[in-house]
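Engineer: Could you put the whole structure together from the sequences, leaning on the hints where they help?
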Amino acid sequence: LSYKETAEIYLCPVGTIRSRLSRALTKLRPLLLECLNK
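In case it helps, our numbering puts the sequence shown at residues 449 to 486.
In short, the hints are calculated from the structure, not lab data.
Treat the hints with caution; some may be incorrect.
What the hints assert, rightly or not - Distance windows between CB atoms, simulated: (1) 474 / 449: 19 to 27 Å; (2) 486 / 464: 30 to 38 Å; (3) 474 / 450: 14 to 22 Å; (4) 481 / 451: 20 to 28 Å; (5) 485 / 456: 32 to 40 Å; (6) 478 / 456: 25 to 33 Å; (7) 450 / 476: 18 to 26 Å; (8) 475 / 451: 16 to 24 Å; (9) 483 / 454: 24 to 32 Å; (10) 459 / 481: 27 to 35 Å; (11) 450 / 471: 15 to 23 Å; (12) 485 / 457: 31 to 39 Å; (13) 475 / 454: 14 to 22 Å.
In this text, a Cβ means the ideal position worked out from N, Cα and C, and glycines have one as well.
Structural biologist: Quick look at the structure:
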């Protein structure tokens, strides 16, 4: 889905979707790297 489509589904601004996705990726990245290094 695009940012716009996601924003329409969640009834919030596109900027909110972008910031939440960025925050989620920031938290997920180290966890994925840890799994890959095992």
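Engineer: For each hint given before, does the structure comply? Return the numbers of the non-compliant ones in rising order.
Structural biologist: Hint check: nothing fails, all pass.
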